[in-house]
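Undergrad: So the chains spell out like this:
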Amino acid sequence: ETGVTQTPRHLVMGMTNKKSLKCEQHLGHNAMYWYKQSAKKPLELMFVYNFKEQTENNSVPSRFSPECPNSSHLFLHLHTLQPEDSALYLCASSQFGQSSYNEQFFGPGTRLTVL
Amino acid sequence: AQSVTQLDSHVSVSEGTPVLLRCNYSSSYSPSLFWYVQHPNKGLQLLLKYTSAATLVKGINGFEAEFKKSETSFHLTKPSAHMSDAAEYFCVVTFSTGANNLFFGTGTRLTVIP
Numbered sequence: 002e003t004g005v006t007q008t009p010r011h012l013v014m015g016m017t018n019k020k021s022l023k024c025e026q027h028l029g030h031n032a033m034y035w036y037k038q039s040a041k042k043p044l045e046l047m048f049v050y051n052f053k054e055q056t057e058n059n060s061v062p063s064r065f066s067p068e069c070p071n072s073s074h075l076f077l078h079l080h081t082l083q084p085e086d087s088a089l090y091l092c093a094s095s096q097f098g099q100s101s102y103n104e105q106f107f108g109p110g111t112r113l114t115v116l
Numbered sequence: 033a034q035s036v037t038q039l040d041s042h043v044s045v046s047e048g049t050p051v052l053l054r055c056n057y058s059s060s061y062s063p064s065l066f067w068y069v070q071h072p073n074k075g076l077q078l079l080l081k082y083t084s085a086a087t088l089v090k091g092i093n094g095f096e097a098e099f100k101k102s103e104t105s106f107h108l109t110k111p112s113a114h115m116s117d118a119a120e121y122f123c124v125v126t127f128s129t130g131a132n133n134l135f136f137g138t139g140t141r142l143t144v145i146p
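One line per chain: the protein sequences are A and B, in this order.
Counting in the working numbering, the first sequence runs from 2 upward without gaps.
Counting in the working numbering, the second sequence runs from 33 upward without gaps.
If you're looking for bench data, these hints aren't it; they were derived computationally from the structure.
Hints are not guaranteed to be accurate.
[Said to hold, decoys possible] Think about it this way: if two alpha-carbon atoms lie no more than 25 Å apart in a straight line, the pair counts; the simulated BS3-like pairs of lysine-lysine are: (1) B:K90 to B:K100; (2) B:K74 to A:K41; (3) A:K41 to A:K53; (4) B:K81 to B:K101; (5) A:K37 to A:K20; (6) A:K23 to A:K42; (7) A:K23 to A:K53; (8) A:K37 to B:K81; (9) A:K53 to A:K19; (10) A:K19 to A:K37; (11) A:K53 to A:K20; (12) B:K90 to B:K101; (13) B:K81 to B:K100; (14) B:K74 to B:K90; (15) B:K74 to A:K37; (16) A:K20 to B:K81; (17) A:K37 to A:K53; (18) A:K42 to B:K81; (19) A:K23 to B:K100; (20) A:K42 to B:K74.
These numbers come from a predicted model, not from an experiment.
When you get a sec, could you build the whole thing from the sequences and use the hints?
TA: This is the structure in structure tokens:
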């Protein structure tokens with residue numbers, strides 16, 4: 002595997018379900034990100050992890066819970082979601098540091114539908 | 033305040049004709065600028081980037097962009113559109129090294145007419 006992979010690619014869940022999205026990067030990067038992409042809206046940054054530490058949480062509801070066990074893996078745990086949470090969830094990674102320009106590499110995304 | 037504006041939400045061109053997707057930014061700092069492309073149901077792929085070297089940047093698939101500081105612009109161009117260029121294009125800015133914060137434009141949907 003190369004680049005950034007995400008599983009599953011598609012997910013349908015009910016509002017009472019609990020599920021997790023997985024992201025893995027094979028680029029040796031030290032920063033990982035979750036984005037939400039909804040129709041007709043700008044890309045929304047949800048969470049940022051630098052060196053496995055969460056450094057940003059952009060007022061995301063607690064029904065979204067991120068986990069970064071190491072610098073290569075990132076999870077997004079989902080529970081009691083709402084229909085408006087249906088979107089494409091994108092994971093990205095980058096090499097964070099003083100000499101980098103934070104070029105981010107994106108995975109293919111997970112298309113989430115909440116019924 | 034830092035921001036990025038994509039002036040057109042939708043651009044339609046005929047196959048074989050030039051493409052121009054416009055992007056303007058506002059910032060008090062020297063920016064780094066990127067163009068990403070997103071094909072349907074896919075993630076974002078980096079097309080090209082400007083990081084204070086040459087102002088004319090060449091990217092993949094025949095795209096290029098020119099950084100114009102006086103106009104605070106970073107427009108994306110291609111001499112001849114191909115059907116496979118139909119996608120959503122995002123202009124992205126970051127304003128400092130060593131920072132995670134990217135600012136995304138709202139995107140421009142490019143349609144290529146056969």
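Undergrad: Each hint: holds or not?
TA: Right, here's what the structure says about each hint:
no., hint, verdict
1, B:K90 to B:K100, "15 Å, holds"
2, B:K74 to A:K41, "16 Å, holds"
3, A:K41 to A:K53, "31 Å, violated"
4, B:K81 to B:K101, "15 Å, holds"
5, A:K37 to A:K20, "16 Å, holds"
6, A:K23 to A:K42, "23 Å, holds"
7, A:K23 to A:K53, "15 Å, holds"
8, A:K37 to B:K81, "23 Å, holds"
9, A:K53 to A:K19, "23 Å, holds"
10, A:K19 to A:K37, "18 Å, holds"
11, A:K53 to A:K20, "21 Å, holds"
12, B:K90 to B:K101, "17 Å, holds"
13, B:K81 to B:K100, "14 Å, holds"
14, B:K74 to B:K90, "23 Å, holds"
15, B:K74 to A:K37, "13 Å, holds"
16, A:K20 to B:K81, "36 Å, violated"
17, A:K37 to A:K53, "20 Å, holds"
18, A:K42 to B:K81, "23 Å, holds"
19, A:K23 to B:K100, "40 Å, violated"
20, A:K42 to B:K74, "16 Å, holds"
In this structure, the hints that do not hold are numbers 3, 16, 19, in rising order.
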